[in-house]
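Peer 1: Heads up: the protein sequence lines correspond to chains A and B, in order.
Numbering of the first sequence is given in this note's numbering, commencing with residue 45 and proceeding in unit increments.
Numbering of the second sequence is given in this note's numbering, commencing with residue 45 and proceeding in unit increments.
A couple of the hints might just be wrong.
[Said to hold, decoys possible] Distance condition first, Cα-Cα at most 25 Å in a straight line; then the derived DSS-like pairs of lysine-lysine:
1) A:215 <-> A:132
2) A:101 <-> A:63
3) B:55 <-> A:215
4) B:63 <-> B:116
5) A:215 <-> B:132
6) A:169 <-> A:199
[Said to hold, decoys possible] Looking from chain B toward chain A, a few residues come up when the C-beta cut is under 10 Å (computed):
7) 57
8) 109
9) 223
10) 259
11) 261
12) 262
13) 267
14) 271
15) 273
16) 304
17) 339
18) 342
19) 345
[Stated by the list, open to error] Listed below are several chain B residues computed to face chain A (Cβ distance under 8 Å; list not exhaustive):
20) 126
21) 221
22) 222
23) 224
24) 225
25) 245
26) 263
27) 269
28) 303
29) 341
30) 346
By construction, these hints were calculated from the structure, which means they are not laboratory data.
From a predicted model like this one, the values you see are computed outputs, not experimental measurements.
Here a beta-carbon is modelled for each residue, glycine too, at the ideal position from N, C-alpha and C.
2 protein chains.
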Amino acid sequence: MVGSVAFDTLKTPFGERQKILGGAATYFSLSASYFTDVRVVAVVGEDFTAENEDVMKKRGVDTRGIQHAKGKTFHWTGEYGENVNEAKTLNTELNVFETFEPSIPAEYNNSDFLFLANIDPVLQKRVRDNMQKVKLVGGDTMNYWITGHRANLDKMLKGVDILLINDGEAKMLADDNSLPRAARKVMEMGPRALVIKHGEYGATIFFRDHEFGAGDHPFRAPAMPIDEVRDPTGAGDSFAGGFMGYVASQGEISRRVLRHAMFYGSVMGSFAVERFGTERLQSLTREEIDQRFNTFRELTHLD
Amino acid sequence: MVGSVAFDTLKTPFGERQKILGGAATYFSLSASYFTDVRVVAVVGEDFTAENEDVMKKRGVDTRGIQHAKGKTFHWTGEYGENVNEAKTLNTELNVFETFEPSIPAEYNNSDFLFLANIDPVLQKRVRDNMQKVKLVGGDTMNYWITGHRANLDKMLKGVDILLINDGEAKMLADDNSLPRAARKVMEMGPRALVIKHGEYGATIFFRDHEFGAGDHPFRAPAMPIDEVRDPTGAGDSFAGGFMGYVASQGEISRRVLRHAMFYGSVMGSFAVERFGTERLQSLTREEIDQRFNTFRELTHLD
Chain A
45 MVGSVAFDTL KTPFGERQKI LGGAATYFSL SASYFTDVRV VAVVGEDFTA
95 ENEDVMKKRG VDTRGIQHAK GKTFHWTGEY GENVNEAKTL NTELNVFETF
145 EPSIPAEYNN SDFLFLANID PVLQKRVRDN MQKVKLVGGD TMNYWITGHR
195 ANLDKMLKGV DILLINDGEA KMLADDNSLP RAARKVMEMG PRALVIKHGE
245 YGATIFFRDH EFGAGDHPFR APAMPIDEVR DPTGAGDSFA GGFMGYVASQ
295 GEISRRVLRH AMFYGSVMGS FAVERFGTER LQSLTREEID QRFNTFRELT
345 HLD
Chain B
45 MVGSVAFDTL KTPFGERQKI LGGAATYFSL SASYFTDVRV VAVVGEDFTA
95 ENEDVMKKRG VDTRGIQHAK GKTFHWTGEY GENVNEAKTL NTELNVFETF
145 EPSIPAEYNN SDFLFLANID PVLQKRVRDN MQKVKLVGGD TMNYWITGHR
195 ANLDKMLKGV DILLINDGEA KMLADDNSLP RAARKVMEMG PRALVIKHGE
245 YGATIFFRDH EFGAGDHPFR APAMPIDEVR DPTGAGDSFA GGFMGYVASQ
295 GEISRRVLRH AMFYGSVMGS FAVERFGTER LQSLTREEID QRFNTFRELT
345 HLD
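Just need the whole structure built from these sequences, with the hints factored in.
Peer 2: Laid out in structure tokens, this is it:
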């Protein structure tokens, strides 16, 4: 996976934290590490400590692709109000991320799966072009690239098999307020399947006809009704990590596997928000994960 | 069931309609009529025609409880913008509804199930008190009663087994932004179970511990990803009709039955919004309903 490592300064109705370890690469890697071997490509600054890196290493994540650059690590400052689905960005210091040029270690070349977290689509495409042998490419993006870097994004989307974005991004990308119609339009841009995340209401995967199996029926995974969402940061990246990690752990990429991956994505997202930062994702067991998977099944299955 | 019969004048992104037949009683009755026998208590004015009443009669609905009063029928005028989940009320002419005094025909006395649609909680309670022998009472309410008639509403809630409201109403009623916590608080006010409707994201039923079965696991039914929601009016009442109608058609009131009822509620809501007014609910077949039930199952079930 390629993405950002960051320090996050944030405030939620449950408290505040200064410069805690975050970033899509961190959340994704920790989440996926419960299902498969993960290799990260990212950049950090001189303020990124060995202890920070150990958070990933302890989960067996291969961090050889993390470049150490002069300067400071990407720093995001934001807050969440009563509606925890919406982050308000107060400040973004790109720092070393501004000149990030992803470089893929030779040892990563035999990877079967690739996830392009939300970074400049020019960089996403470059990484994707350098990984021609992968079986499946997952990707993410955000409003900033949709509105301001559309031509580059369009090129990137042609190389993505499964795009994972939220409701607002899907509607904006397709310029259509109907989700199923927006989904079809986005899939015409490249992706063979589209995961739309609905925050506290779960997520839906739409398939292009005859891709990954027969028919074009979507599939919806619930989110967990959680009493206290302490810190929603990284929920989407944790979802993506559970989703891609589970797919990578399976022998085939079928609709059935993708349905289960939707559940595992939701499960990992639900753990991530229980505590601040990556705390909860550092110390899970596969047993806890499968227990929650069963809770999700009970939440949605008739019999 | 007791509720409003109305004429609706409305505008959606798909068109406009003048004074078409609507009201909670109409949507609920038509929807429930596909599952069980329905008896209505309501009031209409002199502008309510035999053709209007035939819409219900053709579906076998017992309309002997519909009072014909001097004056005009309740008239609602509203519109929906791009976000079809939110109706904007432009005008409300209560007309004969202003002095509505529900009167229950003697022939209704052996009813086993009662649904109190969204009307003045004083009237809801009066009807409920007159139907002591029913096995299960369902109910609805809205912001207007929650904020302005709280004492009356609290008394009404003590007599309701299952309350069906939406996200905003649940949060307002409990004064709590966490849905699961709000659900528990609402259930402390009387209801043994609470159905919270999430619009295009489906609905969740929460149970009080040891009510209708063991445990306190909620259950979530999806909504249909629909390309074109032509007219969202009556979706909630159609949901309630499918939900209560299905429960009434079963020999027991168990968690399993209630889970299936959640699906049938969603199914009926999804049909209602496909066309303007009650059009789609007038001409369904049980086969179409069960076919869509299976689509909902495919949408959510892993295997």
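Peer 1: For each hint given before, does the structure comply? Return the numbers of the non-compliant ones in rising order.
Peer 2: Going through the list in order, the structure violates hint 8 alone and respects the others.
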